[in-house]
Structures are given as structure tokens and as C-alpha cells.
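Colleague: All chains should be built: construct the whole structure from the sequences, respecting the hints.
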Amino acid sequence: MAELGTIALWLAVGLGVYGAIGALGGQVRGSPLLSESARRAAYVLPLVLTVAILSLVGAFVGRDFQVAYVARHSSLDMPRIYTWVAFYAGNEGSLLFICLVLSALAALALALAPGETRRTLGWTAAILLTVQTFFLAVTAVMANPFETLPLAPPDGEGINPLLTHVGMFFHPPALMSGLVAAAIPLAFVMGSLIGGKTKDEWLDAARQWGLVSWALLAVGLLLGSWWAYTILGWGGFWFWDPVENAALMPWLALTAFIHSVMVQKRRGMFRMWNIVLINVAFGLALYGMFMNRGGPVPSVHSFGASTLGWVFLVFLVVGVAVPFAVFFCRFPALTSSRSLDSMLSREAAFLVNNLMLLGIAFVTLWGTLYPLLSRLFGGQEITVARPFYDQVNGPLLLGLLFVMGVGPLLPWRKATPQALRRALLLPGLAALGTVALLAGLGMHQGYALAGFGLCALVSAGIAQEWWRDVAERQRALGEGYLRAFWRRTRSNRPRYGGYVVHLAVVMVALGVLGGSLFDRQRDVLLVPGQTAEIGEYQIRYLGTVEQPFGDRTEYVSTVVVQRDGQPLTTLYPWRAFYPSQSMAATRAAIRSTPVEDLYVVPSENRADGAVVFRLVVNPMVWWMWTAGPVLVLGTLVCLWPQRRVVAVRAASPLTAQTGRQSTSG
Amino acid sequence: MAGLVGAALALFVALVVLYPFVRSRFWREESATPKPPQDGQLELDGIFSAIEELERQHRSGELLEADFQEQRSGYRQQAALLLREQEERQQKADQALEQEVRRARGVAEPPSADGAVS
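Quick note, the sequences are listed as chains A and B, same order. Residues 4 to 668 in my numbering are what the first sequence spells out, letter by letter. Residues 12 to 129 in my numbering are what the second sequence spells out, letter by letter.
Don't take every hint at face value.
Stated by the list, open to error - Pair by pair, the computed Cβ-Cβ distance ranges are:
no.: 1; chain 1: B; residue 1: Ala19; chain 2: A; residue 2: Glu482; range: 36 to 44 Å
no.: 2; chain 1: B; residue 1: Leu29; chain 2: A; residue 2: Gln550; range: 57 to 65 Å
no.: 3; chain 1: B; residue 1: Tyr30; chain 2: A; residue 2: Glu482; range: 26 to 34 Å
no.: 4; chain 1: A; residue 1: Glu482; chain 2: B; residue 2: Gln101; range: 29 to 37 Å
Quick caveat, the hints were computed from the structure, so don't treat them as lab data. Idealized CB from N, CA, C, for every residue including glycine.
Modeller: See the structure below:
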């Protein structure tokens, strides 16, 4: 298996090099045959890498401990179901996974490239294949997962216990895919610019692939939060850990990009800004990979023992410098003849949204870099923790919610007083009503009132717009409401898909507000038969059972949950010790409802049967996890292909520009 | 065994990647195959959807009157152009069919304007 994997990996390296040079040569020399051959190299790469990956997975399944990577990340006692997780548990395997994902997405992007990008597709292919070749070469030369040991050990070291969680099947793949997928919109933008196409040729391709990367990162971040919530045992879901932040920052930049690009599509504005945004997003994605693979800050999320940090640092520098150099070279040709007509317009709202998103990204970057900078220049490492992020990012996030609520309701170009009143009256009343109701019920925290009021504003705005659109169609065409809803949604998928995504964001905001501002927490030492209280709940600890497994010993506790003396449920939180790794892992037991979560996790098991429990009540966190599928649904609606027409843009004082685009937005 | 599978994989990859050169060497005519013309109906549907969306935005106050008029006029021009192209295609197809039918019946072609028979 290892031999076949090695052959396939080196074959992939060869294909990558050939494809990159061929695409470049084909474009420069104007040779369609060479260009086609290079593209075929891109198409066949995923197949070759699948062979390599199957070889590695096969080595895991066969417990082939002669393969050093298999010996380091699995053992005879490892449940077989975690074979797939073990495959990307280390630097080598995860790099191979990244190579496969990038090659598959790049092949799809090249095959489905819109007509406007065809003339410069050679440049795009060359960029994508160069990035792929980098990852392939690093994998083959510096992190080869097929390296063998001179003598196979009788057993492996085992998988990291923290990875034995269902979230691990999706969280790392989604995040890794999201990070590398940021290369695709960048490649389309850079390909067009290098090829001298300085208008909007790259717009549709970059928007679609930016959305793909954004959605993958969003799902990865949500799943990562869920994993941290259930397995790390501290009762929270976001720690502002440097590596967590490293995945959040490109997501923020991509969020700005996928909004701002709609303004370019619709009004022909922000072209340069969008190029800067996609460059920043790609740079931050590279920074995320650098932090994750041997970066200078240790984290529960990173491959701590990696020596690849400097390679990724060099790639980061090149990956930021080259796109910006191309941008500056084309700068004079990129100017737009249009400007903002009014600050009370949708495009102005999008601009404010962009600035806030980048503000949050910058604050997060500063907080992530500060410990390094303080160590480098001050000689003493000063860590930046949650209060810093809460104080600075909190108001920005509230501002973002406000813009998210108001922006889509504003007209393009300029809002008249009548249009403003028509758009904002009902959502505004809903927001004020919510604040008044909550204040009347005894809520006095400013942040919470503002947050819930803004959630109401966004939701009411979406409901109002959707209802008006459907009712109008129903009146005009006499269709049933359901049919009118379906037809109206189909007629402008990016708009209504965006609404669904905004609803998902509101759900996340509810979870964050509830879990951050209203959480209650207690650490209690209980002996069997003893009861502790938290909120309205009484937690009765019955006892702990010791269950030995091959690789661990589990201590499963039984607690009965009551409310007002009535039994609600029985929970079984557990704590396990892994002797081969000298490591303990916990699994929280959670009673989750839309109103609140009751979270019980054992943090210490004593010899006499007493257990230290952490008890947490987290209001509304359920909404956060439920937001994931809603977000995916909204993204799919946005991405679902729609008939494309030559867009006609609104009047411009100087020139009217057209491009081959749809009219959505 | 692994070497054999690897060699087969390498051979397959080489064939796929080098196929364009082989094709151009031996089957030059393949690339000259003309693509069937599209009837433009899909684009037309797209334009009608765009006009419908524009009217919705206008009614809901999202678009200024002047922008609405200008954009709708632009889409209408595109639609008219496509419809004219469709009509021309249809006329050509009808003429060709008529000629076929005439030939089949052995009827002489009507003289053209300059008196020649095509």
C-alpha cells in the first residue's frame, strides 16, 4: 500500500509541475493543444490523489504499522470508525487531504469556468496548479505520509483522544477545504488581471467559488465550536484561540467579498476593493494554514510538533506579495467611473458592512499577533484573552447585525423618504417592540437588549420582504401562496438564498448572546447520592462505573436531573484516561432544548467515588447548532445555477458598462 | 504488485494528458466539427425573468424610476434582438425546407431578382 501511495504521490507532483508549466506555456505561446493538455493534467490529478489516499486509508485499515504515519496516529485498539479521522489527524495525512480537495475543486472550477474567463483560463489554471504543486511538493518532500519504519512496531501510538468525536468527521475537512478553496476565486481574479482583462470578467466565477469557500469555512467553524463545546469540558464554544481565529479571519474577509461583489455586479462599483478583499482573504487563509502547521503559537487545534512553519511562512509572503503586485500593475485600468450616490443606499450599507467585517478581522489579527509581537519586541509574552475580543469585537458585531438588517431593505443608489419609511417601519417597530418586551420582563443588560432587538430587526425585515414579494406575485398572477413562494424564490436565488443565510446568522447570534451573556456555571464536588442545584435544576449524582477498554478506561457517571422536584432526564457524562497518551478526555452530557442547555461534565474523578462536576446552564445555544443546516441550505439556494443574461446596469453619469452577468441582487 | 498498478496508473495519466497532441496528429478533422446553433430560448427566458425581477424591484421601491426605465429598455432591446435572430433562423430553415420539397417534387426554383435560378 505504501509503495503504491508513494508512486501516486510523486506522479501527482509530476502532473502538478507539468500542468502548471503547460498552462503557462499554452497561454504565453498561444498553443491550445498545450493548454488543453495542461487542463487535462488538472482533471486527472484528483484521480491520482484518490489512489494515494486510498493507499493510506488501506494502510490504516490493515493496521500497517510499518508506515510511520499509521503507527503514530492509530493503534490496534482504535475503533475502526475513526480510521478516516486518523487519516488526517497529523500534518502528513491532512496535507494529502488538502491536495485532494484542492485538486478536485480546481478541476471543477476549470471545467465549469464561465465563458468570460475562457480567454484567460490558462493563467487561472497555471495559478491553481502552482498552488497545488506547492502543497504536493511539501507533502512529498517534507511530510510524506508513506514513509516507512525499518521495523514495524507491534502496536501504534493511537489516535489523539480529542479527535474521537463525530464532529471530527466533518470539522477538519470542512475547514481545510474552506481554506484552500480561497485559492480558486483568487486564481480567477489574478488570471483575468494577468491576461489583461480588467473589467468584470472574473466576477461570476469568483463570486461562486468565494461563496463555496465561505460556506465550507462557516460549516467548519460551527462544527468546530460544537466539538469544543461537547469535548473540551469547559462549557463554552469559542475560546478566541489563535488557530480558531486563524480560520475566522479569512471567513470574515470572504463575507465582506461575497457582499461587496454584488455591488460590482449590480452597479459596476468597488472593483478594486473587491480585488483587495479577495487578496486579503487568500492571504488570511494562508496565514491560517501557517498557524495550523507549525506556527509559533501552540494550540489544541494545531499540529504542534510540525517543522513546516517556515515553508508556510514563505508561501504566505509570496502568496500575499504576488497578487498585490499584479493588482498594483493593473491599477490604472481598474478604476470605476461610478461613485456612491448617497450614503442612504444599499451599496453604502454594503460598504459599511465590509468595513466592519474587516475591522473585526483586524482586531482578531492584532489579538492573535500581539503575544508574538510582545515576545519579539518586549521580551515578555503578553497574552490577549476573551475580554479584549469581547470589548472590541462586541460592538462591531452588533453594528454588523444592524447593517445586516437595514442593508437589504435599502434601495440601490439612493433612498427616498417614502422608500425608507416603507422598508424600515415594520422591522423597526418589531425591534423596538422586542426591546420593550424584554425590558418589561426584567432584562436590563444593554448588550443583550440591543442584540435581541437587532435579531428581531433582521428577522422582521426578511419576513416582510419575502411576504411582500410573494403576496405581490400572488395578487398579480393569481397563483396559490405556496406556488408564488416557490416561483418567486426561484426567480432570484442569490437574493432569497442570502435571506436564508441571514436567518442562520440570526440563529447564531441568538446562541452567542444567550451563551455569552446569560450562562450560569458551578463547579461542585459530589459524592454518590448528593444533590447540587443550578438554576431551576437539581442534579443528583448516583455513582460512577469504571469501564476498561483496550486503549482507555472510561469513568461513566450517572446523574438524575430534576426540575421543581419532577424528574426530567438521566445524563451520563464521562471521563476517560488514555495511558498510552498520558491524557484524559471528557465528554459532556447535554440536555439541549431551544430554550437552554443543561451541561454536565466531570472534571475530576476521585478514588472514593466522589466526582467534581462542572454544571452549566447555557441559554439558547441550541439555535447555534441548528443554524448549520440552515446556512448550508441558504448557500445551496444561492449557488444553484440560474439562467444568465447580459445584465443591464442602472444609469451612470459617464459610461454604461455591461458584462455577462445575471441580474440578481 | 504495487509497481504494476503504479505503472498502469502512470500510463493512463500519460494517455489522458497527451491525448490532445495525439488527436491533433491523427484526427485533425475532429476539432473542425461545427457546434449546433442554439435557438436562444434559454437566454430569452433569462431576460424575461430579469424584467420580471426588475419590475418587482421597481414596485417595491428598490429602484429609482429612471434606472428602472433605462434597465427595462435595455432588456427589451436584448429580447427584441434575440427574437429577431430567432425569426431569421426560422425563415432560413423554412426556406431550406421549401427548397428541399421543391427539389423532391422536381419543380424548378422560382427566378431570383436578377433573373438567375439558384
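Colleague: Take the hints in turn and mark each one as holding or not.
Modeller: Consistency of the hints with the structure:
{"no.": "1", "hint": "Ala19(B) x Glu482(A): 36 to 44 Å", "result": "violated, 58 Å"}
{"no.": "2", "hint": "Leu29(B) x Gln550(A): 57 to 65 Å", "result": "holds, 59 Å"}
{"no.": "3", "hint": "Tyr30(B) x Glu482(A): 26 to 34 Å", "result": "violated, 51 Å"}
{"no.": "4", "hint": "Glu482(A) x Gln101(B): 29 to 37 Å", "result": "holds, 32 Å"}
When held up to the earlier numbered hints, the structure conflicts with 1, 3 and fits the remainder.
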